[in-house]
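Trainee: Each chain, letter by letter, is given below.
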Amino acid sequence: MVIVKRKELSLAEKLYLPEVLRGLSVTFRKMFEPKVTRQYPEEPLPKTEVTRGQPRLVVNEDDAIACVSCGLCEAACPAYAITIDGGETDRAIEREPKRFDIDMLRCILCGFCEEACPKDAIYMSDELELADYSREALIYDIEKLKRPKAALQKRIDYVNRINKRWQTPSST
Amino acid sequence: MTTLEGFLIALAKTVVIFLGVVNVAALMTLAERKFSAWMQYRIGPNRVGPYGLLQPLADGVKFIFKEELTPAGANRFMFRAAPILAALPSMMTIAVIPFAPDIVIGGKNFGALTIADLDIGILYILALGGLAIYGVILGGWASNSKYSLLGSLRASAQMISYELTLILTILSVVVMSGSLNLREIVEAQSDITRWNAWNVHAMPQFVAFVLFVVATFAETNRHPFDFSECEPELVGGFHTEYSAMKWAMFYIGEYSAMTVMAALTVVLFLGGWSVPFWPDAPWYVGLAAMLAKTGCFLFLFLWVRWTLPRFRFDQLMRLGWKVFLPLALLNLVVTGAVVSLR
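As you go down the protein sequences, you meet chains F and D in turn. The numbering of the first sequence is my numbering, which starts it at 1 and goes up by one. The numbering of the second sequence is my numbering, which starts it at 1 and goes up by one.
These aren't lab readings, by the way, just hints derived from the structure by calculation. Worth double-checking, as some hints may not be accurate.
[Said to hold, decoys possible] Quick list of simulated restraints, FRET-style, between CB atoms: (1) F:L17 to D:Y41: 22 to 28 Å; (2) D:E233 to F:P44: 39 to 45 Å; (3) F:Y133 to D:T14: 45 to 51 Å; (4) F:E143 to D:P50: 38 to 44 Å; (5) F:S25 to D:I84: 36 to 42 Å; (6) D:P50 to F:R91: 51 to 57 Å; (7) D:A10 to F:P44: 54 to 60 Å; (8) D:I120 to F:S25: 28 to 34 Å.
[To be verified] A few chain F residues that don't get close to chain D, going by computed Cβ distances all over 12 Å: (9) R6; (10) E13; (11) E19; (12) T27; (13) M31; (14) R38; (15) P46; (16) T83; (17) R99; (18) C110; (19) E115; (20) V159; (21) W166.
Every residue, glycine too, gets a C-beta built ideally from N, C-alpha and C.
Isolated chain F, as found in the complex (with noise of 0.2 Å):
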């Protein structure tokens, strides 16, 4: 059996007022201290290397898509929230996708398809917002999938120093 022993109170807590001026003196110092409140849209995220946020597609210092829609990251992704047609190119990779679609509203952020793609075509991008009035209009296409090297540059970094770590020795 547990037995409570309950501490005896003093005159001063019995009177509850001075400890009531007691809490009311912290909560006023309280008062005066820094706020914790991000002002979100001024004050944003802080965004890290490692940061993954939506999918972007790469857009080489050449102008030209990166992607040559072998469909390996469509493959790859567990959402099924992928779609592309390919199509064929006059530029030395030959092939470029015609439709490369995401739908951001299936897209679960999980970074596979970044890990399947074998041209270093597709990276989570630092981008979190997303925020539209329509389902369709959060249908993103290539041409708001598109985003400099520039852009991504951090990210590609992080994969590729992440990558190096898995590396191991060959055997032959």
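Assemble the complex: chain F is given as a structure, and chain D must be docked to it using the hints.
Mentor: Chain D only, in chain F's frame:
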């Protein structure tokens, strides 16, 4: 002074005081959120207007456009009458509270800044204060909801028990001042050098002052005595079923009651418009002093709300009947003895 002139002066005073108190009540909703935010390391509303000053306006617009719901089985007439009954008494109480001494502009005396300089001002306040409970109890009863009913029952029990303390403490002040007229009560305590100055200042009514302030909290259903709302147990208490402007009326009633009670505390215990060591201060200084003192008490209402947890209902009743009532009675007896033997 002609009759027309007197009428116009009275009208001007009414408009100024009424609009002033209603606006203060509106700003109090903002102040409540601001101070609560600051005490919790937050910033508070700051989107509508500079420093969020237009927030009450935005809230008002929202209330007007919200859907009004009436629960099934509610007594429709009473359900509609209750918010009006809750807001009206506190707004009517303003009438007798003097905010400034005789206003003199260009050598012309316009009289004290009060709507009605009643000789039985205190009686009037107490009578209307007693009416305020009707809004709460009718609102809870007419809603046809168990939470509302429980909330209103608690609120009425609480308001009635604390009204006794309130009246007894006011009586001691009346005994000290020898008048039921609020303006005369202020004038009686305005001379800081006299023994009964500022009622609380020279200590003779300090106990009454503390009791009165605490009873004020209970009377206006504010923390730590807001058992009529008590959201953890009773959802929203007596206004659970209210929505839109009807609900806002309860809110306006609560905040204007706070404003009136704060002003009343200042008038009864802190010498109203009188400024220490400046007995012949001009009327605008007096008005500023009155408003500043009232502001301090309004801040106290918010400050206490965000500091203390809610009492338990039986603790509240015990405090009211077993502690406050005997203390107030004792204080009245001592005051009477001292005043008559002096």
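Trainee: Would you mind marking each hint as holding or not holding in the structure?
Mentor: Results of checking the hints against the structure:
1. Range check, L17 (chain F) to Y41 (chain D): about 27 Å between beta-carbon atoms, so the 22 to 28 Å window is met.
2. Range check, E233 (chain D) to P44 (chain F): about 41 Å between beta-carbon atoms, so the 39 to 45 Å window is met.
3. Range check, Y133 (chain F) to T14 (chain D): about 49 Å between beta-carbon atoms, so the 45 to 51 Å window is met.
4. Our hint of 38 to 44 Å for E143 (chain F) and P50 (chain D) holds, since their Cβ atoms are close to 40 Å apart.
5. For S25 (chain F) and I84 (chain D), the hinted distance range of 36 to 42 Å is satisfied, since their beta carbons lie about 40 Å from each other.
6. For P50 (chain D) and R91 (chain F), the hinted distance range of 51 to 57 Å is satisfied, since their beta carbons lie about 56 Å from each other.
7. For the pair A10 (chain D) and P44 (chain F), the supplied restraint of 54 to 60 Å holds, since their beta-carbon distance comes to about 57 Å.
8. One distance hint, 28 to 34 Å for the beta-carbon pair I120 (chain D) and S25 (chain F), is violated here, with the actual separation near 40 Å.
9. Consistency note on R6 (chain F): stated as away from chain D, and its beta-carbon is indeed over 12 Å from all of that chain's, at 16 Å minimum.
10. Every CB of chain D is more than 12 Å from the CB of E13 (chain F) (nearest about 14 Å), matching its label as outside the interface.
11. Against chain D, the non-interface label of E19 (chain F) is violated: not every CB pair exceeds 12 Å, the least being about 9 Å.
12. Taking the minimum C-beta to C-beta distance to chain D, about 4 Å, the non-interface status of T27 (chain F) is violated against the 12 Å cut.
13. Not every CB of chain D is more than 12 Å from the CB of M31 (chain F) (nearest about 4 Å), against its label as outside the interface.
14. With a least CB separation of 10 Å from chain D, R38 (chain F) falls inside the 12 Å interface cut-off, contrary to its annotation.
15. The non-interface label for P46 (chain F) is consistent with chain D: the shortest C-beta to C-beta separation is roughly 19 Å, beyond 12 Å.
16. Every CB of chain D lies more than 12 Å from the CB of T83 (chain F), the least distance being 39 Å, so the non-interface label holds.
17. For R99 (chain F), the shortest C-beta to C-beta distance to chain D comes to about 41 Å, beyond the 12 Å cut-off, and the non-interface label holds.
18. No beta-carbon of chain D comes within 12 Å of the beta-carbon of C110 (chain F); the shortest separation is about 34 Å.
19. Against the 12 Å criterion, E115 (chain F) stays outside the reach of chain D, whose nearest CB is about 40 Å from its own CB.
20. Under the 12 Å C-beta cut-off, the non-interface status given to V159 (chain F) relative to chain D holds; the minimum distance is some 37 Å.
21. Chain D leaves W166 (chain F) outside its interface by the beta-carbon criterion, the shortest separation being 43 Å against a cut-off of 12 Å.
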